[in-house]
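The hints should help you fit chain B onto chain A, whose structure is shown.
There are 2 protein chains.
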Amino acid sequence: MSHAPLRLAIAGIGTVGAGVVSIVQHHAAMLRQRTGRDIIITAVSARDRTRDRGVSLDAYAWCDDAIALAQRTDVDVVVELMGGAEGAARQLVTQSLQAGKHVVTANKALIAHHGAELSEIAEASNVMLAFEAAVAGGIPIIKLIKEGLSANRYERIIGILNGTCNYILSVMERTGRDFADVLAEAQALGYAEADPSFDIDGVDASHKLCILSALAFSTVPNLQGMHCEGIRNIGADDILAAHELGYRIRLLAVTVQRPEGIELRVHPALMPQENKIAQVTDVYNAVHLFTSHAADMFIEGRGAGRDATASAVMADVIDIARGHTMLPFMVSAQTLARAQLVPLDAFDSAYYVRLRVRDTAGVLAELTRCFADHDISVASFIQHATHPNQEATIILTTHITTEAKVRAALVDIKALSSVVAPPCMIRIEEE
Amino acid sequence: MSHAPLRLAIAGIGTVGAGVVSIVQHHAAMLRQRTGRDIIITAVSARDRTRDRGVSLDAYAWCDDAIALAQRTDVDVVVELMGGAEGAARQLVTQSLQAGKHVVTANKALIAHHGAELSEIAEASNVMLAFEAAVAGGIPIIKLIKEGLSANRYERIIGILNGTCNYILSVMERTGRDFADVLAEAQALGYAEADPSFDIDGVDASHKLCILSALAFSTVPNLQGMHCEGIRNIGADDILAAHELGYRIRLLAVTVQRPEGIELRVHPALMPQENKIAQVTDVYNAVHLFTSHAADMFIEGRGAGRDATASAVMADVIDIARGHTMLPFMVSAQTLARAQLVPLDAFDSAYYVRLRVRDTAGVLAELTRCFADHDISVASFIQHATHPNQEATIILTTHITTEAKVRAALVDIKALSSVVAPPCMIRIEEE
Chain A
1 MSHAPLRLAI AGIGTVGAGV VSIVQHHAAM LRQRTGRDII ITAVSARDRT
51 RDRGVSLDAY AWCDDAIALA QRTDVDVVVE LMGGAEGAAR QLVTQSLQAG
101 KHVVTANKAL IAHHGAELSE IAEASNVMLA FEAAVAGGIP IIKLIKEGLS
151 ANRYERIIGI LNGTCNYILS VMERTGRDFA DVLAEAQALG YAEADPSFDI
201 DGVDASHKLC ILSALAFSTV PNLQGMHCEG IRNIGADDIL AAHELGYRIR
251 LLAVTVQRPE GIELRVHPAL MPQENKIAQV TDVYNAVHLF TSHAADMFIE
301 GRGAGRDATA SAVMADVIDI ARGHTMLPFM VSAQTLARAQ LVPLDAFDSA
351 YYVRLRVRDT AGVLAELTRC FADHDISVAS FIQHATHPNQ EATIILTTHI
401 TTEAKVRAAL VDIKALSSVV APPCMIRIEE E
Chain B
1001 MSHAPLRLAI AGIGTVGAGV VSIVQHHAAM LRQRTGRDII ITAVSARDRT
1051 RDRGVSLDAY AWCDDAIALA QRTDVDVVVE LMGGAEGAAR QLVTQSLQAG
1101 KHVVTANKAL IAHHGAELSE IAEASNVMLA FEAAVAGGIP IIKLIKEGLS
1151 ANRYERIIGI LNGTCNYILS VMERTGRDFA DVLAEAQALG YAEADPSFDI
1201 DGVDASHKLC ILSALAFSTV PNLQGMHCEG IRNIGADDIL AAHELGYRIR
1251 LLAVTVQRPE GIELRVHPAL MPQENKIAQV TDVYNAVHLF TSHAADMFIE
1301 GRGAGRDATA SAVMADVIDI ARGHTMLPFM VSAQTLARAQ LVPLDAFDSA
1351 YYVRLRVRDT AGVLAELTRC FADHDISVAS FIQHATHPNQ EATIILTTHI
1401 TTEAKVRAAL VDIKALSSVV APPCMIRIEE E
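If you're matching them up, the sequences are chains A and B in order.
With the numbering used here, letter number 311 in the first sequence gets 311, and the count goes up by one each step, no holes.
With the numbering used here, letter number 238 in the second sequence gets 1238, and the count goes up by one each step, no holes.
Note that these hints are calculated values from the structure, not bench results.
Just so it is clear, CB atoms sit at the ideal spot from N, CA and C, and this is done for glycine as well.
Heads up, none of these hints are tricks.
Here are the in silico distance ranges between beta carbons for each label pair:
hint: 1; chain 1: B; residue 1: R1232; chain 2: A; residue 2: S197; range: 54 to 64 Å
hint: 2; chain 1: A; residue 1: E430; chain 2: B; residue 2: G1190; range: 25 to 35 Å
hint: 3; chain 1: B; residue 1: D1282; chain 2: A; residue 2: V220; range: 30 to 40 Å
hint: 4; chain 1: A; residue 1: S197; chain 2: B; residue 2: E1193; range: 50 to 60 Å
hint: 5; chain 1: B; residue 1: D1038; chain 2: A; residue 2: V220; range: 18 to 28 Å
hint: 6; chain 1: A; residue 1: Q340; chain 2: B; residue 2: R1232; range: 46 to 56 Å
hint: 7; chain 1: B; residue 1: E1431; chain 2: A; residue 2: V420; range: 44 to 54 Å
hint: 8; chain 1: B; residue 1: G1190; chain 2: A; residue 2: G14; range: 47 to 57 Å
hint: 9; chain 1: A; residue 1: P272; chain 2: B; residue 2: T1335; range: 41 to 51 Å
hint: 10; chain 1: B; residue 1: D1282; chain 2: A; residue 2: R153; range: 22 to 32 Å
hint: 11; chain 1: A; residue 1: V220; chain 2: B; residue 2: G1054; range: 34 to 44 Å
hint: 12; chain 1: A; residue 1: P272; chain 2: B; residue 2: Q1187; range: 25 to 35 Å
Chain B regions said to be covered by chain A (calculated; three or more residues, Cβ under 8 Å):
hint: 13; segment: 1031-1037
hint: 14; segment: 1287-1295
Short derived list, chain A residues pointing at chain B, Cβ under 7 Å:
hint: 15; residue: I23
hint: 16; residue: G138
hint: 17; residue: K143
hint: 18; residue: S150
hint: 19; residue: N152
hint: 20; residue: M297
hint: 21; residue: R322
Okay, chain A solo, but in the shape it has when bound (with noise of 0.2 Å):
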């Protein structure tokens, strides 16, 4: 292991490079004890240099080309934190990587796009490429499937991977209010981006969740085919049905290995309300991980913010200060198998069913005839008093059935005249 000092490019210094910065500028004596050498920071990059970031980056070479770094011979280890799964984040880091430079990223876009690609390349160059960062900042499941299960096989991982959502779910189970207006609030605090698809449509879980999958399974990852659903259509009434039957609301990133293939799959579900995923709350993410020894392991904590999310970038820096470097997929990337998803039309479950109907004489009738033609068991069945000839919700739970039954039960219910709204569908996870 080499005593020289291990010095570190930073390339994009926002939130979470300031957080890197600050790191190594205030606990450089604990670093130096905790990996035996100095860690410091040599250039950065950055789109404005004038902007106030609070902390100084007078010390450092700065690079108004981020790429530039990938070629700089004052530095060992790129840490990229541009983000996007193309362009100059891609660029840097690949050049990096080819110039054999370490890499450590928060990019979880470029690695679920990329990451075979890179790693192979980090392999050639006898490198690292690591992402810790990339999937819940504040807890290093990464390190913990890549080396503290490391002896087990992966079965099932069941995670909450957006604090967004989890956040604007939480809130509206605390309060009763509707999406709309407490993701309003969610972006006036912060905790949501003017423009938040990302989060609440499940596509930042879904990329967390095809790189977990990934290492767990030994797969390439890979973003096609994954189901892909986010919280946009749960309403205040679902959470409160689902309080009455006993379960909470989350957006689950689930991934399993059958023997048929991988289950990949983010979408909200019903969970028994004394879970543990269930019992997460507000911006916090958390994972519980199924093995063949280890048996079953929760964790749970901050799933982003500067502080968190820097803490798992120097983590990985820590790392390779002490020389620890690996096969960024714990297995040679040549040897990732493609996945062989399971169709989500197979995949078996119970359902919630929330329906809007007219409440005429006759519908229940229908509606229970739609079920038994796909050969749908009802397990129960909520409807609030209304007055006759007006609007209903109705709120039923299937037992066990399979995706491709309730989806053709749900399109003949849709097509019935006393239905005046699209069905709103929502899956169960019983553990």
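Showing chain B alone in chain A's frame:
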């Protein structure tokens, strides 16, 4: 990194040892894929050669004397699973490290008593001393402290580190049964030893806490001065009263870095029912870790058992196979500080007190007088209806005060003629 096979010797083939052998035998291809080399067993040692352990040891050299493993030339890593802080285990580990062999151990007593000294030997020989399996088998908490959150200063650890106690308290809570009764059942089920003292008096948890505290705060592991109190005095009454007050009782292992020194204590405590630690049930272990940058991280999993502990042992072996060795206590053992412990008298807490009194006129006035005399403010008070002049159980909680004051008040209370049994005092941990 070497590509030669990594050769293990295993000392002690009990339940965990057989689990380790099983992983090596049944997951050879997975281990090779994940480390780039073969992991093989060359020699074993155990007390009884004839015992059926469910795994074949025929292919391995058998050593009647475990300590001889330290000198074998066909061994890279000695896996010590004999247990005990002294004797053969200590000799084997010392001599193996001196002979330049890596050591992986599940021996918490050995590390708690001699961790710093053994770490110095490991450092001098430039080999690894790894002990993930010594604390909470299914939870890679040692790796999380040394690596996953290595960019953080650690502030506070609250753990449930003894599965036997947690099982007993969980069953008492669920069934209303008393301690002795549930302990006997736990013994029959194999969850508690014939001599249960090591578990139920908090000794096991104190060894584990000692190790975590040393790692987190870079201090010499030291059991002296630690407060260690078990669960023998917790009655069904206490569990019930705690429930009425909104709490659950757990055996906590707590260490906190304070300006005036380190808190280090194992004792039962009332925790709010909604607290994550309070919700840990049965044989599960958990750790809630509070840090400077990642904020708080909670992790829960199997604390013991053949496979979970073997998983932890093998994770250490895999690290060594990957060439990931580091200072056993994260910093050089010579720089570990002597922990300055905060004396328990200075400890601030709210308290729960159970008293058995003769229910006569004036008894309440006497009791409350004793608290007032020591400047303790009573927060709540429960006395279930009894017939006059009979014995009654009184349960009260205090506002935050110091341990010294509560102890002084309890001395006075014990001396009252109306108090018929020694008072039972339990700390309240609000978060």
